[in-house]
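2 protein chains.
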Amino acid sequence: MSEPIIRDLRESDLSNGFLETLQSLTTVGEINPEKVKERFREIDLDSNYFIRVAEIDGKIVGATTLIIELKFIHNLGKVGHIEDVVTDKKFQGKGIGKKIIHSLLQEAKNRGCYKTILDCGDEVIPFYEKIDYEGKSFHKHGNCMRFDH
Amino acid sequence: MSEPIIRDLRESDLSNGFLETLQSLTTVGEINPEKVKERFREIDLDSNYFIRVAEIDGKIVGATTLIIELKFIHNLGKVGHIEDVVTDKKFQGKGIGKKIIHSLLQEAKNRGCYKTILDCGDEVIPFYEKIDYEGKSFHKHGNCMRFDH
Chain A
1 MSEPIIRDLR
11 ESDLSNGFLE
21 TLQSLTTVGE
31 INPEKVKERF
41 REIDLDSNYF
51 IRVAEIDGKI
61 VGATTLIIEL
71 KFIHNLGKVG
81 HIEDVVTDKK
91 FQGKGIGKKI
101 IHSLLQEAKN
111 RGCYKTILDC
121 GDEVIPFYEK
131 IDYEGKSFHK
141 HGNCMRFDH
Chain B
1 MSEPIIRDLR
11 ESDLSNGFLE
21 TLQSLTTVGE
31 INPEKVKERF
41 REIDLDSNYF
51 IRVAEIDGKI
61 VGATTLIIEL
71 KFIHNLGKVG
81 HIEDVVTDKK
91 FQGKGIGKKI
101 IHSLLQEAKN
111 RGCYKTILDC
121 GDEVIPFYEK
131 IDYEGKSFHK
141 HGNCMRFDH
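Heads up: the protein sequence lines correspond to chains A and B, in order.
If you number the first sequence the way our numbering does, the last residue is 149 and the count never jumps.
If you number the second sequence the way our numbering does, the last residue is 149 and the count never jumps.
Chain A extracted, bound-state conformation:
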C-alpha cells in the first residue's frame, strides 16, 4: 500500500471517493451533486471547520472533521470537536484514521484549543485511548446525551 497523503478536502474530492468513504461510516443518502457542492462551499467558507482526508493512489480512502468552538469560559478558550472519523472498509487497520487524527490534533493545537473532544461508542474507546500523540491520548471524560428531533 502506498503511504497516504493527509490533506484538506478539495471540491474535486466530492466525486473522487470522499462520499463513498463516508458510506463505510453510516448512511450518506441520495447524492445531489449540486447540493453536495453547496454544502462543501458553505463549510469551506468557515475558518473554524477542517475536513481532512487521506488520499492513496489518487483516491480518497479516509476522512475526519474538526470544528473549532469559540467559548467565553476558560480565558476565551477554544475547543476542538472531532466528528465523522472514517476509513474506507477496504483500507481499515492500517493506521490511516490515526494519521488523520494526529494531523487534526496538531491543527487544534495550532489554533489554540485547550482540549479536543469527540463522542464514540464503547467499542471504539480502546482505539482512542491508543492514539498517542505527543505522549498524550484521549481518555473517557463523560457521557454523550442525544435528543432526536
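I should point out that these hints are in silico values taken from the structure, not numbers from a laboratory.
Quantities reported herein were computed from a predicted structural model and do not represent experimental measurements.
Take the hints with a grain of salt, since some may be wrong.
All copies of an identical chain are treated as equivalent in the list; a pair is satisfied when it fits inside any one copy or across any two copies.
What the hints assert, rightly or not - 25 Å max Cα-Cα, derived DSS-like pairs, lysine-lysine: (1) K136 - K59; (2) K71 - K59; (3) K109 - K35; (4) K78 - K37; (5) K136 - K37; (6) K115 - K71; (7) K78 - K115; (8) K109 - K71; (9) K78 - K136; (10) K37 - K59; (11) K71 - K89; (12) K99 - K71; (13) K99 - K35; (14) K115 - K136; (15) K115 - K140; (16) K71 - K98; (17) K37 - K71; (18) K130 - K94; (19) K109 - K37; (20) K130 - K109.
We have chain A already, so just place chain B on it with the hints.
Leaving out everything else, chain B in the frame of chain A:
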C-alpha cells in the same frame, strides 16, 4: 421571581451579568473587555452559533450555546451541539436552564437538525433525561472522549 425572558445574547449583556453567570459553571478567567467584545463579534457573525440567555429584572442569570454542525452524511444532515449550560447559582432549581434548552431545541429543529447532542457528567444525566420537549427527551447515547493539549 419574575418570569425570565429567553432571548439571544446581545453585546450589552457582556457587562450585564453574562460573564458573572458563566462563573457559576467554571473558570471564566481574566476579563479583557475589548477581547471579550471581539469574541462576541466573531461568534455573532457565524450564522450557525446561538448563545441564548435568560434575563430576569434586566440582568442575565442563565445562558446556553447551540452550534449547528453541517455534515455530508445522513442526506447532508445537520446536528445541534449544546454547550455551556449554566444558571447563576442564586437562580438554580427554578427551571431556567430547562427553558433555555427548550428554546434551543426549537431553534435546532427549525434549522433542520435531525439530532441535538451534548456532553455531561454522570451527575446531570437525570436533568437531561427529564427535559421533556414535545414529548421527547435526551438519552445517553455514547461516551465523551477528551484530549488535553
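Quick rundown of the hints versus the structure:
1. Taking identical chains as interchangeable, the C-alpha atoms of K136 and K59 are never at most 25 Å apart, the minima being 31 Å within one chain and 42 Å between chains.
2. For a Cα distance limit of 25 Å, the shortest separation of K71 from K59 across copies, 21 Å, qualifies, whereas the shortest one inside one copy, 37 Å, does not.
3. Only between protomers do K109 and K35 lie at most 25 Å apart by alpha-carbon distance; the minimum there is 20 Å, versus 32 Å within a single protomer.
4. Taking the shortest Cα distances, K78 and K37 sit within 25 Å of each other only across copies (16 Å), while inside one copy they are farther apart (28 Å).
5. For the identical chains of this complex, K136 and K37 are neighbours neither inside a copy (37 Å) nor across copies (34 Å), given an alpha-carbon limit of 25 Å.
6. Taking the shortest Cα distances, K115 and K71 sit within 25 Å of each other both inside one copy (12 Å) and across copies (22 Å).
7. For a Cα distance limit of 25 Å, the shortest separation of K78 from K115 qualifies both inside one copy, at 8 Å, and across copies, at 23 Å.
8. Taking CA atoms no more than 25 Å apart as the test, K109 paired with K71 passes in both settings, with 16 Å inside one copy and 23 Å between copies.
9. Taking identical chains as interchangeable, the C-alpha atoms of K78 and K136 lie at most 25 Å apart only when both belong to the same chain, with a minimum of 19 Å there against 31 Å between chains.
10. For a Cα distance limit of 25 Å, the shortest separation of K37 from K59 inside one copy, 18 Å, qualifies, whereas the shortest one across copies, 44 Å, does not.
11. Taking the closest pair of Cα atoms, K71 and K89 come within 25 Å of each other only across two copies (20 Å); inside a single copy the shortest separation is 36 Å, beyond that limit.
12. Only between protomers do K99 and K71 lie at most 25 Å apart by alpha-carbon distance; the minimum there is 21 Å, versus 28 Å within a single protomer.
13. For the identical chains of this complex, K99 and K35 are neighbours neither inside a copy (29 Å) nor across copies (35 Å), given an alpha-carbon limit of 25 Å.
14. Only within a single protomer do K115 and K136 lie at most 25 Å apart by alpha-carbon distance; the minimum there is 12 Å, versus 31 Å between protomers.
15. For the homomeric pair K115 and K140, the shortest alpha-carbon distances inside one copy (13 Å) and between copies (22 Å) are both at most 25 Å.
16. For a Cα distance limit of 25 Å, the shortest separation of K71 from K98 across copies, 21 Å, qualifies, whereas the shortest one inside one copy, 27 Å, does not.
17. For the identical chains of this complex, K37 and K71 are inter-copy neighbours only, at 12 Å across copies versus 30 Å inside a copy, given an alpha-carbon limit of 25 Å.
18. Proximity of K130 and K94 under a CA criterion of 25 Å is satisfied intra-copy only: 14 Å inside one chain copy versus 43 Å between copies.
19. In this assembly of identical chains, the alpha carbons of K109 and K37 lie at most 25 Å apart only when taken from different copies (23 Å versus 29 Å within one copy).
20. When the C-alpha separation of K130 and K109 is checked against a cutoff of 25 Å, the pair qualifies only within one copy, where the shortest distance is 19 Å, while the shortest distance between copies is 37 Å.
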